[in-house]
Amino acid sequence: MTLEELDVIAMEPEAVKTPYAFNAGEGLNEGTIRYMVEAKKESNAWLQFRLNALQVFRSKTIPTWLPTWLSGIDYQHLSYYIAESRNVRKTWEEVPTNIKQTFEKLGIPERERRFLAGVEAQFDSEFAYAKMRTQLEQQGVIFTDSTEGLRQYPEIFEPYFAKIVPVQDNKFSALNSAVFSGGSFIYVPKGVKVQQPLQAYFRINAERSGQFERTLIVVDEGAELMYMEGCTAPAFDTQNLHSAVVELVAKKGAKLQYITVQNWSSNVLNLVTKRGWVEEDAELKWIDCNIGSRITVKYPGLILKGRKARGEVLSIALAHDGQRQDTGARILHLADETSSNIVSKSISIGQGWAGYRGQVYVEPGLKHCRSSTECHSLLLGETSPTGTFPILEISGDSHNVRHEASIACIDEEKLFYLQQRGLKRSEALSLSVNGFVNDLVRMFPLEYSVELKRLIDLEVENAVG
Amino acid sequence: MTANALRIENLELEVAGQKILQALSMTIRPSEVHILMGPNGAGKSSLAKAIVGHPHYVPQRGHIIFGEQEIDPWTPDKRAQMGIFMAFQSPCEVEGVSVANFLRTAIRAYPHLQASQYAATQFYNHLYTLMDQVGLKRDFTGRELNRGFSGGEKKRLEMLQMLLFQPRLAILDEIDSSLDIEAFQIVVNTIHFLQKSCGTGFLIITHSMPFIEQICPSCIHLLKFGRIVQSGCAELLERIQKCGFHES
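In order, the protein sequence lines correspond to chains A and B.
Each residue of the first sequence is one higher than the one before, starting from 0 at the first, in numbering that gives the first Met the number 0.
Each residue of the second sequence is one higher than the one before, starting from 0 at the first, in numbering that gives the first Met the number 0.
A couple of the hints might just be wrong.
Only part of the chain B face toward chain A is listed, based on derived beta-carbon distances under 10 Å [to be verified]:
no., residue
1, M25
2, K48
3, V51
4, H55
5, F87
6, A99
Hints in this document: simulated from the structure, not taken from any laboratory.
We put the beta carbon where it would ideally sit given N, CA and C, even for glycine.
Required output: the full structure, derived from the provided sequences and hints.
This is the structure we're talking about:
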């Protein structure tokens, strides 16, 4: 199969009708949590953890820099746990036909055959399918969901769970902690280098529902992993809420890349907390692309805890009319000779808001840390909004820290030049926008960069009509 | 009898309330090379932009007829696809877009080239031949479009595109400025090549006498204050050489 054919397969499926074996119903209260704990057969300790998190959630307000309408989310008219089954299938044949077709339209089984080491496919609150190549199982790699991860391997996951992103970190980390379900729990043993990526795909299917997956990845000393996540939902007139928490751990000398292609429909509120813990000489990269959702609030974080720990946050954000991509990065340098690199490219179309908000912190008393931030905004309309809000808190005089930002309107003369060579205006615009983000798109695996290009083309074409 | 490459009748152009071109007429037949000369600000580049359909240079009156058709309603890309090419004085730099990617995207737009039937290898073979012809090294296919190119390299790339798209009318706006001797010769050769092989008609804006002598024009037009004050050939050129624009 050629890339062009793959391109055709990856089309947006619609919502499917499916019976839900589990449904906590609308509303968020203690009863919702008790229903979930019962359905998932969790221990009393987790019931207490979740109930405590619910209290924290209720006590918190949303951050002051976000639009005030976010305070008006009607939490009582959403479903928090809705699952067609609690049975995770290991073959696609066992997956109910219409759910399987949804993932086929998204190209998931095809990619699994072509280049993935393992796939987890979450449908609303639980996985419909999960499978990893047996060779990785034999090497001791664990690839499971949050419920099973905590139940079967507490000694591996509990030391980190809710430690990197504490329950009380923010309102939405508390919400996730109260009602989390699904998400990838991965452990890569010492020295194991996973050659092909593991992928999770998150699909919201039910109207007026929330998805609260919880991901925790531990890459042990000297081990390597690339993990990719994709997400979509059918477009509903009502709101869906997606509020994930992702915690990553790269132990001494480990390498981890976490790649996201976020293409939620424009009724999804995407309020996500992602943070990684990086030990000595380890490397963690967040490669993040946000195209969909009504609003995305996401600042992938790095805690550089060991000497010579390295980290990168590379992000592309595109917002059209009615969308806000409030994206950025948060880097804490807590050890000598740590280094970080942030490159953010945002595209605002019409009145869509795409921008950067970030913090770089170097703890007092450290030596020879390096950090570089580059934020570039491209505006496609004459009055398109953007913003860059960097905070740099640097103590010490042996560090090398830089920040660079640029804002540019699309260059009409450039478009004219391309049109003079026969390209339609929309093609010229697509080519310019794809060129603007090209250096970051190249960081994605080939299959994903093709999809990204296609998504950007679609957005730009819709924008010019 | 083939149609004219370009016929302009009584063209009048105003930009931001200022009269740029007045009662301008000219006819370029296939394979003819027309030179447009004149002092700075006479309206030479404005005429070029009006012909290729720049949105800020829309004529108020008159006609531009290409082949048999009036091109007023055509968008810039339609004009290009129909066979009007313009080599820019300073071509734009486009970040993140490779020369090869751009050319492969662009060439598909030209119906007469039937490029959509090209396989990638065919396209590259053809491209490499033309690159040799304009003296561009093959690794230029991977470079970002015009980015970090020297003046001469940009002009060579414009010539490469002209060869690739095989226009019926080519407008060259000061293509000869900042050219080294080798690139100069390549530009001259490319003009002659297309003139002979494709019957391309040319409208060339230039100040350079050595350049004009090399390309043996069919006609020279002198543009002043938005009007063509004289058209002719060898004698006119001689007079301009002797007396400059103001006295002729």
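Results for each hint:
1. M25: violated, 21 Å
2. K48: holds, 9 Å
3. V51: Because about 6 Å separates V51 of chain B from the closest Cβ in chain A, which is inside the 10 Å limit, the hint holds.
4. H55: holds, 9 Å
5. F87: It holds, given that the least Cβ distance between F87 of chain B and chain A is near 6 Å, below 10 Å.
6. A99: For A99 of chain B, the interface hint is violated, since the closest Cβ of chain A sits about 13 Å away, which is over 10 Å.
Consistency note: the structure conflicts with the earlier hints numbered 1 and 6.
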